[in-house]
Each structure stands twice: as C-alpha cells, then as structure tokens.
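Just so we're aligned: 196 in my numbering is position 196 of the sequence shown, and the numbers increase by one with no gaps anywhere.
Simulated from the structure, these hints should not be mistaken for lab results. Just to be clear, a hint being listed does not mean it is correct.
Subject to a maximum C-alpha distance of 16 angstroms in a straight line, what follows is the list of computed EDC-like cross-link-like pairs (lysine to aspartate or glutamate) [stated by the list, open to error]:
id, residue 1, residue 2
1, 96, 86
2, 32, 79
3, 32, 56
4, 96, 408
5, 171, 251
6, 171, 141
7, 171, 289
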Amino acid sequence: MILDVLAVVGAIILVLLSVVLVHEGGHFLVAKLSGIRVDEFSVGFGPRIAARTLGETTYSLRIIPAGGYVRMAGMLGLEGEADAGERNFYRATIPKRLATIMAGVAANMIFAGLLFTVIFAWPNASHIQPGAAAQLAGLHDGDVIVSVDAQPIRHDTAAHVSSDLHAATAKAQGQPMTVVYSSGGTAHTARIAPSLIIVNGIQPPGTASPGPGATPAPTATAGAVRTIATIPVGLEFVVTAVNGQPVSAGDPAQLLAGSTPALISGFVINDDGTRGASYTNLRASGVSDGSGGDGAIQAAWRLGVSPNFDGEALPQALGDGFGQIPTFVTTTVKDLANLVTNPKSGGITGPQGLSGPVGIVRQTVTATHQGGRSLTYWIAFISMNLGLVNILPIPFLDGGKAVLILIEAIRRRRLDPRREAMIYAVGLALVVVFVIYVTIGDVSRPG
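Generate coordinates for the entire structure from the input sequences, incorporating the hints supplied.
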C-alpha cells in the first residue's frame with residue numbers, strides 16, 4: 001500500500017516536472033543562444049533546497065516539485081530588476097525575443113512527438129480483457145495471436161495487429177473462430193466465439209461520466225428498461241444476453257436493433273482493464289456497426305485482446321509520433337468549440353469539460369496503475385496541452401507575451417514597462433480565476 005502511494009506521488013511529480021521543465025528548458029536554451037543573460041534556472045518553487053552557480057546562471061532546486069521557471073535579466077526593464085545592459089531581455093531584437101518566448105511551446109510539442117515515437121517503437125505485450133472471449137478460452141496477458149481462421153496476424157505495427165484482428169472477427173460475424181496463439185513460446189490452438197462489444201459515444205444531457213479508472217455504479221437494474229446510452233461514455237460494454245437469450249451470430253447492428261430495439265445485458269470494461277459494473281435490460285436503440293466513435297453508439301465482434309506488436313521501425317515511428325501533434329491540435333480546437341457552442345455538451349465544467357489540477361492527478365493515478373506505456377502517453381498528452389494552452393494570446397502566457405512583442409514591432413516603440421507589467425498582472429489573475437473555475441468542475445465530477 002505504501003509503495004503504491006509512493007509510486008503514484010512519484011508519477012505525479014514526474015508528470016508535472018517533466019513537461020514544465022521541458023517548456024522552461026526551451027526558453028533557457030534559446031535565450032542563451034540569443035545572448036540574453038539567464039540568471040536562474042529553477043526546478044520547483046518556494047524556498048531553495050540547494051543551488052549551484054555555473055557561469056552566470058544559478059541552477060536551483062526548490063521545495064515544491066510542481067514545475068520550475070527561468071529568470072532572465074531585464075524582462076521588462078523595471079526599476080529593481082537585474083540589469084545586464086545590452087544583454088537584458090527587453091534589449092534583444094524582436095526576432096530573438098519572439099524565438100525565446102515561443103521556444104517553450106515548441107519544446108513541449110517536440111517532447112510530445114518524441115514520447116509518441118517511443119510509444120510507437122515500443123514493443124507491446126498483449127492484454128486479455130477480463131470476462132471476454134479470449135480469456136474464457138484460456139488466453140492470458142502476453143500471449144501472441146499468430147493466426148485466426150488460417151489468416152496470419154501481422155505484428156510489425158499496432159495498426160496492423162488491430163486491423164487484422166478486426167477484419168477476422170468482422171468476417172466471422174460471431175461464429176466460432178480457430179485461433180492459433182503462442183504462450184511462453186509454445187503454440188496452442190483454441191476455438192473461440194468472439195464477444196459482442198458496444199461502445200457508447202453519446203453523453204446524455206445532465207449526466208456525469210465516471211472519473212478515469214473508476215467503476216461506474218449500475219444504473220439499470222432487473223425489471224427497469226433504460227437506453228444503451230446509460231453505459232458510461234467511451235467504455236467497452238460486453239454483451240452477454242440479447243432479449244434474455246445468449247448472444248447469437250450475425251451482424252451486430254441487426255442483432256441489437258433491427259425493426260424492434262433489443263433488450264441487452266452485460267458488463268463494462270473499465271479504463272484500467274478491470275471488469276466493471278453489470279447492466280441488465282438496456283434498450284439497444286440507435287446502434288450501428290463500428291468500433292466506437294464520438295456521437296454514436298457502435299457495436300462489433302471482438303476477441304477481447306489488446307494486441308501485442310513488435311514495435312515500428314524508427315522512421316515510421318517518428319512519422320506516426322509527430323503526426324499525433326496536428327491531429328491533437330485540430331481535435332482539441334473542435335472539442336473546445338463544441339463545449340462552447342453546444343448546450344448539450346455540458347460546457348467547460350460539464351461531464352466532458354476541461355480538466356484542471358484535480359483531473360490531472362486523477363488521470364495520472366490511472367495511467368500509473370496501467371503501466372509505463374500509459375504513463376508515457378499521458379506525459380506526452382499533458383506536454384501537448386501545456387504547449388497549446390501557452391500559445392493562447394492571453395497576457396502572462398507565452399502567446400500573450402508574443403502579441404505584445406508584435407504590437408511593439410508595429411508601433412516601433414515599446415509599451416511603457418509599468419503598463420506592460422500591469423497587463424501581465426491582469427492576465428495572471430484571469431488565468432488563476434479560470435483554473436479555479438475548471439477545478440470546481442473537476443471536483444464536481446465523480447472520481
């Protein structure tokens with residue numbers, strides 16, 4: 001228990017320090033290259049624990065391990081600031097100042113791309129979902145599926161493994177399949193009837209989804225008829241019965257809907273891979289074929305295997321890793337627009353709203369329990385978020401500082417340093433208020 005708590009605390013510190021120090025490291029490196037004097041690079045906040053001066057920069061370790069900062073000489077040119085003469089930040093050319101300010105955002109995105117590259121190149125052992133078809137047939141975590149109905153399964157990339165398994169199960173349409181798998185280097189053959197899996201991508205208005213890794217409380221009980229949208233958003237639901245009978249073979253959407261929506265029973269697979277709550281008598285209306293998508297309820301046949309793969313070659317892993325960044329940016333912008341413009345979404349503090357410190361800690365706990373691969377993904381995700389947030393044109397954030405520098409370039413003269421400092425103070429206050437507002441939403445969500 002104590003070791004588990006220490007591991008979680010260590011992971012939270014790792015997430016916070018890694019993404020913030022990479023961000024500040026970007027500022028530090030470009031400032032040095034631009035000739036700007038850097039007086040301090042701090043790891044953490046609060047009172048100093050230790051410090052060492054190398055050259056003109058003091059490298060310090062502080063007591064609160066929640067990030068860090070870079071202090072450059074003459075950031076605004078106010079009285080009382082350290083003065084490095086021509087090496088003050090505000091005396092650097094506009095291109096150098098812009099590069100220094102935006103280097104933090106660039107560093108976060110590059111860091112995320114490298115972490116995603118590691119994930120794509122990282123060999124992955126299989127995980128067998130509890131209660132799913134593969135586990136019932138005797139497969140265990142780490143087993144490698146070699147072929148399905150005499151069709152080889154490629155293991156060079158995650159996409160190929162998933163594609164081949166999905167194609168095989170879709171072709172079988174619920175009929176038992178001959179699966180050859182390797183366990184501990186020994187080949188085995190099993191006859192497996194795939195499970196019917198539903199993923200709900202629709203959040204009912206006014207409801208809350210469970211926190212990451214949480215076990216949702218059953219909301220449909222025997223005798224009650226609820227819609228399939230009762231299932232928590234994004235979680236996989238294993239169907240065990242349709243209209244009170246064992247699941248038969250056939251097209252998923254037709255089995256679950258047809259002319260008259262079926263009543264289904266089954267159980268949820270939690271985010272952390274454990275078996276979750278059971279549900280009975282859910283009316284399966286509006287189900288389509290597919291593996292799950294936003295705004296849809298989709299069903300498909302699955303073996304219940306998170307497949308293994310050997311890892312991608314470095315060039316492909318680099319392309320796929322850095323390819324996550326534009327996808328993330330466009331998806332985030334679309335999701336934010338939906339939160340603001342769609343009343344049914346619940347808004348920024350709603351069930352699918354933004355996460356602040358509390359949400360980050362919750363998800364870090366879940367990622368830590370899921371292993372190194374999940375934690376690496378989570379750090380990459382947080383790094384991209386930090387970069388994207390900092391590019392917003394809000395004073396105090398990097399994007400806001402860049403806007404003020406561009407205004408200076410257009411006006412051909414600086415803003416009054418005292419006025420600029422006041423703008424930054426107002427921006428900081430707005431950021432703090434917004435973080436508190438988002439945190440209230442975090443706390444109000446079940447966790």
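How the hints compare with the structure:
no. : hint      : in the structure
1   : 96 - 86   : 13 angstroms, holds
2   : 32 - 79   : 23 angstroms, violated
3   : 32 - 56   : 11 angstroms, holds
4   : 96 - 408  : 14 angstroms, holds
5   : 171 - 251 : 10 angstroms, holds
6   : 171 - 141 : 25 angstroms, violated
7   : 171 - 289 : 13 angstroms, holds
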